[in-house]
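Under the numbering used here, the letters of the sequence shown match residues 1 to 729, in that order.
Heads up, some of the hints might be wrong.
Straight line, CA to CA, 20 Å or less: simulated PhoX-like cross-link-like pairs of lysine-lysine [what the hints assert, rightly or not]:
1. 683 to 713
2. 559 to 658
3. 526 to 439
4. 545 to 526
5. 526 to 266
6. 662 to 683
7. 439 to 545
8. 559 to 570
9. 545 to 563
10. 560 to 683
11. 454 to 545
12. 514 to 545
13. 559 to 577
If you anchor each label on the Cβ, the simulated ranges turn out as follows [stated by the list, open to error]:
14. 453 to 489: 49 to 59 Å
15. 681 to 556: 30 to 40 Å
16. 659 to 454: 37 to 47 Å
17. 284 to 442: 32 to 42 Å
18. 56 to 645: 36 to 46 Å
19. 190 to 479: 16 to 26 Å
Honestly, the hints are just simulated from the structure, not real lab data.
Beta carbons are placed, not taken as given, at the ideal position from N, Cα and C, and that holds for glycine.
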Amino acid sequence: MVTLRKQYAVARPLYSEDSFAEDHEKVSRQRKTIMDHFAEYLTCDSKRAKNAVLSLLPVIGWMRIYRVRQWLLGDVVSGISTGMVAIMQGLAFSLMASLPPIYGLYTAFFPMLTYFFLGTSRHISVGSFPVLSLMVGAVVTRLVPEIGPSANITSFEGLTKDQQRVLVASSVTFLMGIFQLAMGVMQVGFIVVYLSDTLVSGFTTSAAIHILVSQLKFVLGLTVPGINGPLSIIYTLEKIFVQITSTNICDLVMSILIMAMVFIVKELNDKYKAKLPVPIPIEFLMTVIACGVSYGFNFKERFDVAIVGTMVSGYESPIAPDMEIFQESALEAFPIAIVGFAVAFSVAKVYSIKHDYTIDGNQELIAFGVSNIFGASFRSFAASTALSRTALQESSGGKSQIAGLISAIMAMIVTVSLGFLLEPLPKSVLGALVIVNLKGMLMQFRDIPYLWKKDKPDCVVWVGTCLGATLLGLDLGLAVGLGVELLTVVLRTQFPRCSVLANIPGTDLYRDRKDYQHMFEPNGVKIFRIPSPIFFANIDFFRDKLLEAVGFNPLRVLKKRDKALKKVKKLLTEQRKKGDVTETGLDGSFYQTAEESHVNMKVLDLPTDLKDFSLRIDWKLNAELPADISVPRVDLHSLILDFSAVSFLDISALKGLKTALKEFIRIDVDVYIVSCDAYILEKLHSCLFFDDEILTSMFFPTLHDAMLHVLAKDTGDRSTGCVLSDTKL
C-alpha cells in the first residue's frame with residue numbers, strides 16, 4: 001500500500017513557557033465553586049422540568065417516535081417468542097434460587113411492568129438471570145437450609161419452609177432494589193466502569209460453573225443439601241459423587257436427550273438465522289413434550305422422578321420485607337445489586353450502539369431499583385436481563401419494550417390460567433435447560449489464550465476473578481476480582497515503561513531510541529519520558545529509572561565533589577602557609593572567593609547544597625586535580641523531561657521531583673520540562689515549586705522547542721551547527 005506523504009512547514013519563534021505567555025495572553029476564567037454547582041442544580045425552569053420528566057419516564061420519549069405500522073408486528077412476534085423462553089427460564093432459574101418454580105413466573109412479570117416506563121433500553125428482556133438467581137439462592141439456603149433449623153428470625157414463626165424462603169428471597173431483592181435506587185438517585189451510575197469486560201467475563205464464567213454444579217442434583221435425581229461459603233462447590237461435588245450410584249436413570253436419560261436436542265436446534269437457529277423469520281422455540285417445545293410424556297407415563301410414581309408439583313393459580317397478596325433479613329443479608333445484597341446492574345447495562349449498551357440511541361446509566365439504576373422493589377413486594381426475586389433472551393427479543397424483530405410487555409403478559413397468562421399444565425414437568429428437564437443455556441458463558445474459557453497473548457495483566461484479572469469466585473463464592477469472588485483489577489491498575493501506573501527518546505533526523509518527532517535506527521541524540525543531552533501520572537507510589541520508581549537513564553547518581557557526584565573540595569581546601573591552606581598559592585589557586589584548576597576566611601564548615605557537610613561554598617571549581621573544564629583526589633566525570637549537560645503523558649502530580653511527588661531536579665541542577669546539569677499540562681503548571685505555582693534554582697524558564701511547550709534551545713545554547717566544541725539545520729521544524 002502506497003502512503004501519500006504531504007509536506008507541511010511551520011515558521012514560528014522558539015518558545016519557552018515564559019516567552020509563550022508573553023506573546024499569547026491567557027484568558028482568565030472564573031471556575032464555578034461547589035456552591036455555584038449546588039445552586040445551579042437546585043434551579044428549576046420549564047425546560048429543565050420537562051427534561052426531568054422525560055429523563056425519569058423515558059417511555060414518553062420513545063413512544064412519541066413509535067412507528068406503529070413498521071414496528072408493531074415485529075414487537076408482537078418478538079414478545080411471543082421471548083415470552084415462551086422467559087417462562088421456561090423463569091421456572092428453571094427459580095430452582096437455582098431455591099424457590100418453588102411459580103415465583104420464576106412472577107419475576108418474568110412484575111419487574112417488566114415498571115421497567116417498561118422507567119428503562120432507557122428498548123431491547124433488553126427484563127427478568128430472571130442465572131447468576132443473580134444463584135446469588136439469591138445462596139442467601140436463601142444459608143438462612144433456610146434444607147436440612148436443619150432455619151435462622152432465628154421472628155418473621156419465620158408459623159411459616160412453612162417454602163414460605164420462609166420466599167420471604168428471604170423477596171427481602172433480599174427489596175434491599176437490592178434499595179441499593180440500586182439509592183445509587184441512581186446519587187448519580188453514581190459510573191460505578192459500572194470499575195467492572196471491566198474482563199472481570200465480568202471471568203465472573204460470569206465462574207457463575208456458570210456454580211450453576212452447572214447446582215443443577216447436577218436435578219439432572220441426576222439426587223438429594224443434595226445447599227452448601228454456602230468458601231469451597232462450597234467442592235463440598236457439593238463431594239456429596240454428589242458420594243451418591244452417584246443412586247442416580248435416577250430416568251432423570252439422567254431424559255436430561256441427556258433434552259440437552260442434545262436443544263443444543264442441536266440452537267446451533268441450527270444460529271446457522272440459519274438469516275433465513276428463519278423466528279428462531280425455533282426449542283425450549284418451549286421440549287418443555288411441552290416433557291410435560292406430556294411425564295403426565296402420560298406417570299414418571300413421578302413409576303420412576304420416582306421429582307416434578308414441579310402444585311402450581312399456585314394466580315398471584316398472591318403483596319408482602320412486606322423483613323428488617324431482620326435486611327441485617328442478615330446486607331453484605332450479599334450489595335454485590336447482587338452491582339452485578340445485576342453491570343450485566344444489564346453492558347447488554348443494553350451493546351444494543352444501544354447497534355441501533356443508535358443513548359442509554360443513561362443513572363436512569364437504568366433507578367429503573368432496576370424500582371423494578372426490584374416493586375417485584376419483591378409481589379414475591380418475585382432478583383431481576384436483571386439475560387443475554388440469550390435479549391438476543392432473541394432483538395433478533396426476532398423487537399424494536400421497543402412493547403415486546404417486553406407482551407412477554408410479561410404471556411407469563412401472566414400462564415400464571416393465572418395455564419400453570420396447572422406445568423405441574424407434571426420433571427425438575428430434571430428444567431436443570432437440563434439451564435445447563436444447555438450455559439454454553440455461551442462456559443465458552444468464555446477461550447478468552448484465556450487470547451488475553452495471555454494480548455494483555456497478560458488482563459489475563460490475570462480474568463483468571464483471578466474466575467478462581468476466586470469459583471472457590472470462595474460469588475460474593476467474595478467479586479471482591480477478589482475487583483481487588484486484582486485495581487492491583488493491576490496500580491502496578492501499571494506504579495511501574496510504567498519509561499523510555500529515553502531521540503530525534504528522527506529532519507523532523508520534530510521524537511521516539512524511543514531502541515525502536516528505530518538512525519536516530520539523532522546529541523552528546524550530553526538526555527530526553528527522558530515517563531508515561532503515567534507521578535504520585536506518591538511511583539516517585540521513587542521514577543527517580544530510579546531516571547538515574548538508570550542518565551547513567552549516574554547526582555547525589556553521589558555531589559558527595560564526591562564535596563569531599564574533593566574539602567581536600568583541596570586543606571591543600572590550599574597548607575600551601576598558603578608555605579607561600580606557594582597562585583592568584584587562581586592550586587595549579588590554576590580552582591579559585592577562591594574574596595571571603596575565604598568566613599567559610600561555614602557546616603555548609604560543607606551538606607552535599608546537596610553547594611551554593612554557599614566559598615571554594616569553587618569549574619567542573620566542566622575537567623580540571624586536573626591532584627592524583628589522590630578523584631571526582632566522577634559528568635558528560636551530561638542537559639536533561640529534558642517529557643511530561644506529555646503526566647496527567648497529575650500529588651504533593652509527595654512534587655516534593656520528590658523538586659529534590660531530584662535540584663540534585664541535577666547543583667552538578668551543573670541544565671534541566672528542562674516539556675509538554676507539561678496547564679493544570680499541573682498551575683499546581684506547581686500554587687505549591688511554591690519555583691525558587692531561585694528551579695525557574696519557570698525551564699519549562700517549554702514542546703519537546704522540539706526545548707531541544708532547539710539546548711542545541712542553540714550548547715555551541716562551541718560540540719559542533720551543533722549542522723544538527724540545527726537537520727532538526728528544523
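Do the hints match the structure? See the list:
1. 683 to 713: Outside the cut-off at roughly 29 Å; violated.
2. 559 to 658: 19 Å, holds
3. 526 to 439: Distance of about 55 Å is beyond 20 Å: violated.
4. 545 to 526: Holds: residue 545 and residue 526 sit about 13 Å apart, inside 20 Å.
5. 526 to 266: Judged against 20 Å, a Cα distance of about 62 Å means the pair is violated.
6. 662 to 683: 19 Å, holds
7. 439 to 545: The hint is violated at about 48 Å.
8. 559 to 570: 17 Å, holds
9. 545 to 563: 27 Å, violated
10. 560 to 683: 35 Å, violated
11. 454 to 545: 26 Å, violated
12. 514 to 545: The given pair, whose Cα atoms are some 16 Å apart, holds under the 20 Å limit.
13. 559 to 577: Outside the cut-off at roughly 27 Å; violated.
14. 453 to 489: 49 to 59 Å: The hinted range 49 to 59 Å is violated for residue 453 and residue 489, with Cβ atoms some 21 Å apart.
15. 681 to 556: 30 to 40 Å: 31 Å, holds
16. 659 to 454: 37 to 47 Å: This hint holds: roughly 39 Å between Cβ atoms.
17. 284 to 442: 32 to 42 Å: 23 Å, violated
18. 56 to 645: 36 to 46 Å: Holds: the Cβ-Cβ distance is about 41 Å, inside 36 to 46 Å.
19. 190 to 479: 16 to 26 Å: 19 Å, holds
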